[in-house]
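Engineer: Given next are the chains, with one letter for each unit.
Number of protein chains: 2
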Amino acid sequence: MNYFSSDFKLGILGGGQLGKMLLYNTRKFDIYTCVLEASDDAPCKIACDEFHLGNLMDFDAVYNFGKQVDVLTIEIENVNVDALEALEKEGVKVYPASKTLRTIQNKAKQKLFYVDNDLPTAPFSRFAYLSEIEDAIKNGGLELPFVWKAAQFGYDGNGVKVVRKLSDLDGLPKGECIAENLVPFKNELAVIVARNASGDIKTYPVVEMEFHPEANQVEYVICPARIDETVAKKAQEVALNVSKAFNHVGLLAVEMFQTQNDEILINEVAPRPHNSGHQTIEASYTSQFEQHLRAILDLPLGRTDSKVGGVMVNLVGAEGYTGNVVYQNIENIMEMDGVTPHVYGKKQTRPFRKMGHVTIVNEDLSQARKVAEDVKKTIKVISK
Amino acid sequence: MNYFSSDFKLGILGGGQLGKMLLYNTRKFDIYTCVLEASDDAPCKIACDEFHLGNLMDFDAVYNFGKQVDVLTIEIENVNVDALEALEKEGVKVYPASKTLRTIQNKAKQKLFYVDNDLPTAPFSRFAYLSEIEDAIKNGGLELPFVWKAAQFGYDGNGVKVVRKLSDLDGLPKGECIAENLVPFKNELAVIVARNASGDIKTYPVVEMEFHPEANQVEYVICPARIDETVAKKAQEVALNVSKAFNHVGLLAVEMFQTQNDEILINEVAPRPHNSGHQTIEASYTSQFEQHLRAILDLPLGRTDSKVGGVMVNLVGAEGYTGNVVYQNIENIMEMDGVTPHVYGKKQTRPFRKMGHVTIVNEDLSQARKVAEDVKKTIKVISK
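If you read the sequences in order, they're chains A and B.
Under UniProt numbering, the first residue of the first sequence carries the number 1, and numbering increases by one thereafter.
Under UniProt numbering, the first residue of the second sequence carries the number 1, and numbering increases by one thereafter.
Don't take each hint at face value.
One copy or two, either will do: identical chains are not told apart, so a pair holds if it fits within one copy or between any two.
[Stated by the list, open to error] Listed below are the simulated DMTMM-like cross-link pairs for lysine to aspartate or glutamate, each with C-alpha atoms no more than 20 Å apart in a straight line:
(1) Lys-186 - Glu-319
(2) Lys-9 - Asp-41
(3) Lys-234 - Asp-49
(4) Lys-233 - Glu-143
(5) Lys-89 - Glu-210
(6) Lys-89 - Asp-70
(7) Lys-174 - Glu-219
(8) Lys-9 - Asp-49
(9) Lys-149 - Asp-337
The hints are simulated quantities; they were obtained by calculation from the structure and are not laboratory data.
Whenever a hint applies, use it, and build me the whole structure from the sequences.
Structural biologist: Structure (C-alpha cells):
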C-alpha cells in the first residue's frame with residue numbers, strides 16, 4: 001500500500017498529547033490522518049486531516065470511525081475493544097491488536113499472560129472482589145504488606161496502592177483486583193520495543209525513572225539508565241521477549257523493576273508511544289513517535305540509539321491550582337542549556353495533571369541531569 | 001507579553017513548506033498561529049489555528065490579516081511591504097522589518113546595502129533596463145562574462161543567468177537588473193544567524209552547499225562545511241555583521257562564496273528559515289524553526305551547535321514528470337542509516353519543484369555524505 005498518497009488513511013483513537021506528538025510525524029511524512037476523540041478542545045484538534053468527535057468506549061463511535069481508515073492505532077488503551085475486533089475481521093489493520101489490548105486492559109489478565117509466557121514478573125494473587133482480599137488476609141492466605149492494583153483502567157498512579165495494614169483497603173474500589181508482592185527494588189526501568197508488521201524488531205536504550213513520591217508519576221526519565229551493561233542487556237532482552245510474546249506491531253513500552261539482586265521483573269506495559277520515551281524526540285536518531293508510525297505502516301525501523309544524553313521532566317499541574325493554565329517561568333528554563341519545553345495545549349490545569357514535559361539534552365548526561373533539577377525548581381504549572 | 005497563552009496570536013505570511021515546519025514548533029509550544037496564503041491546498045492548511053486565504057502581494061489582504069495578530073513573520077519574501085510598514089506604525093511587531101524586506105526584495109538595493117555597510121560582496125553594476133547592459137558591453141563599460149540578476153523577485157535560480165556572450169541576454173526580462181563579476185569560487189557556504197528582539201545573537205555552524213548544475217538548486221547541504229577553521233570563523237563573522245547591519249530580528253540565512261584565495265563574499269540573504277538549515281531539525285540542538293520562533297518572540301536563543309553531522313538532500317520533481325506526485329522508493333531510503341524524509345504535502349509535482357527534503361545524520365559526517373548519495377540515487381519524485 002502506498003502510505004504517502006491521499007488514498008491512504010490512518011486513524012488514531014484518542015486526541016491527547018501522545019496523539020499530538022504523533023501528528024508531528026504524520027505531517028512530516030504527509031500521511032492523511034483522522035483522529036477520534038471525545039473532547040472538542042483536545043491537543044489533537046488541529047494538525048490532523050479529520051477530527052471526529054466521539055466516545056472511545058462506545059462501540060458504534062469506534063466502529064464507524066474505524067471503517068473509514070486503512071490502519072487504526074491508539075494513543076490511549078481505554079477504547080472499545082469489541083469494536084476493534086469487529087474491524088479486524090473486516091480487514092482494517094488494527095495495531096495494537098484487539099487481543100493484545102484485551103490482555104493489557106485487565107491487570108490480572110496481563111499478569112497471567114506473563115506467567116503463561118515465562119516472562120518474569122512479581123508474584124501476585126488475583127481476586128474477583130476487594131472483599132476476598134480481606135478474607136485472604138484474615139485466614140492467612142495473603143501477607144501484609146502488598147501492592148493492591150485494580151484490574152481495570154489503572155492510569156498514572158490511579159488504581160494502585162501499597163497496603164500496609166487492613167485499614168488501607170478502606171475506600172478502594174470493590175471490583176476485580178490483584179495483590180502483588182511488594183518488591184524492594186533498586187531502580188524502575190523502561191525499555192521501548194519497536195516491531196513492524198514484517199517482524200523487524202528493535203529496542204531503545206534502557207531508561208531509568210524517578211517517581212514523584214506522592215503523585216506516583218514519573219518525575220525524571222534518564223536516558224540511558226545509569227546501570228550496569230549486563231543489567232541493561234537483561235532488561236532489553238526481557239522487553240524484546242514481551243513484544244514477541246504478544247506478536248506485537250507498533251511500540252511496546254515495558255516498565256520493569258531492577259530488584260536488589262539485579263533481577264528484572266516486568267511491572268506493566270503500554271502498547272503505544274509512552275511517557276518514558278519522550279526524550280527520544282531530541283535525544284535519539286529516531287523519535288518514538290516516528291518509530292511507531294514506521295512500525296504500524298510496516299516501513300523499515302529507524303535507528304534507536306541516542307545522539308546525546310537525555311533527561312525528561314514531566315510538567316504536571318502544581319498542587320493548589322485548578323483553572324486556566326499558566327506556565328510560570330517558562331522563559332527562564334528556555335535560557336538553560338539544551339532545554340526544550342513541550343506544551344501540550346490543555347487549557348485547564350489541576351493538581352498532578354500532565355500538562356507538558358521538558359527535555360534536556362547534553363553530550364554529558366550528568367550535566368543534563370543537573371539542568372533538569374534546575375528546570376524542575378524553576379518552572380511551575382499554575383492557574384491564573 | 002505571555003506567548004504561551006491564547007490571548008497571543010502569531011501571524012505567518014505564506015503557507016508553504018517553511019511555514020509548515022515552523023508550525024511543528026508553534027504546536028510544540030502551543031502558540032496560537034494564523035497563516036495567510038493564496039492557495040487552498042498549501043502545506044500549512046492544517047496545523048495552524050486559523051488559515052486565511054489571501055494574496056500575499058495584496059495590501060488589503062496583508063494589512064487586514066496583520067491587524068489580527070501580535071507578531072507577524074514571513075516564510076517567503078514576496079509579500080506586500082507597504083502593508084507591513086503600515087502595520088509596524090500601528091504597533092504590530094513585524095519580523096523581519098519592512099525596511100529590511102524592501103532592501104532584500106531588490107537585489108540592486110541589497111548589493112548597495114552591503115557596499116554601504118562595508119560588507120564584502122562581489123563587484124557589480126546596476127542597470128535600470130536590460131538594454132543598458134547591451135550598451136555598456138558595446139561601449140566597453142562592462143566585460144563578459146558576468147552574472148546577470150533580475151533586481152526583483154529572484155527565487156530558486158530564477159532571475160539569475162551567467163552571461164558569456166551577448167546573445168545570452170536574449171529573452172531575459174527587460175527591467176532593472178545587476179551585472180555581477182563572475183567570481184571563481186571554491187565553495188558556496190551559508191551561515192544562519194539568529195537574533196532576538198533583545199539583541200542576543202548566535203550563529204549556526206557554516207554549511208557547505210553543492211548545487212545541481214542545471215536547475216541551480218541546492219543538491220546537498222553539508223553541516224559542518226569541510227573547510228578550514230579560519231575560513232569558517234571568517235564566514236560566521238561576516239554573517240554576524242550582516243545581521244547586525246540590518247538590526248535584524250529572527251533568522252537571517254547568509255549565502256556566501258569562498259573564493260580561490262579564501263575571501264568570503266556575500267551572495268545573498270534570506271530573512272527567515274532557509275533551505276540551508278533544514279538539517280538542523282535532526283542534527284542541531286535547536287532546529288532553525290524553533291530558533292526563529294524563539295527569536296521573534298524575544299525568548300532566549302537555544303544552542304546552535306550540532307549533536308551529529310548532517311547532510312540534507314532536496315527532493316525536487318524529476319524532469320519529464322508533471323502531475324499527481326509519487327515518491328518512488330521512499331520505503332527504500334527509510335531503510336538506510338539515519339535517514340528521515342520530509343514530505344511537504346504538495347499534491348502536484350513538476351520538474352525541479354521542491355517537493356520535500358531528506359536529512360541524513362551520523363556521528364561520522366563522511367558516512368552521512370555517503371548515505372546521502374545513495375538516497376539521491378534511490379528516491380525519485382515522479383507523477384502517476
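Engineer: It remains to establish, for every hint, whether it holds in the given structure.
Structural biologist: Tested hints:
1. Lys-186 - Glu-319: Close neither inside one copy (28 Å) nor across copies (61 Å); limit 20 Å.
2. Lys-9 - Asp-41: Answer is between; shortest inter-copy Cα gap is 18 Å, intra-copy 23 Å.
3. Lys-234 - Asp-49: neither (42 Å within a copy, 46 Å between copies)
4. Lys-233 - Glu-143: neither (33 Å within a copy, 70 Å between copies)
5. Lys-89 - Glu-210: neither (42 Å within a copy, 52 Å between copies)
6. Lys-89 - Asp-70: Classified as within; 13 Å inside a copy, 52 Å across copies.
7. Lys-174 - Glu-219: neither (30 Å within a copy, 65 Å between copies)
8. Lys-9 - Asp-49: Within one copy, since 9 Å is at most 20 Å while 22 Å is not.
9. Lys-149 - Asp-337: neither (40 Å within a copy, 43 Å between copies)
In this structure, the earlier hints numbered 1, 3, 4, 5, 7, 9 are contradicted, and the remaining ones agree with it.
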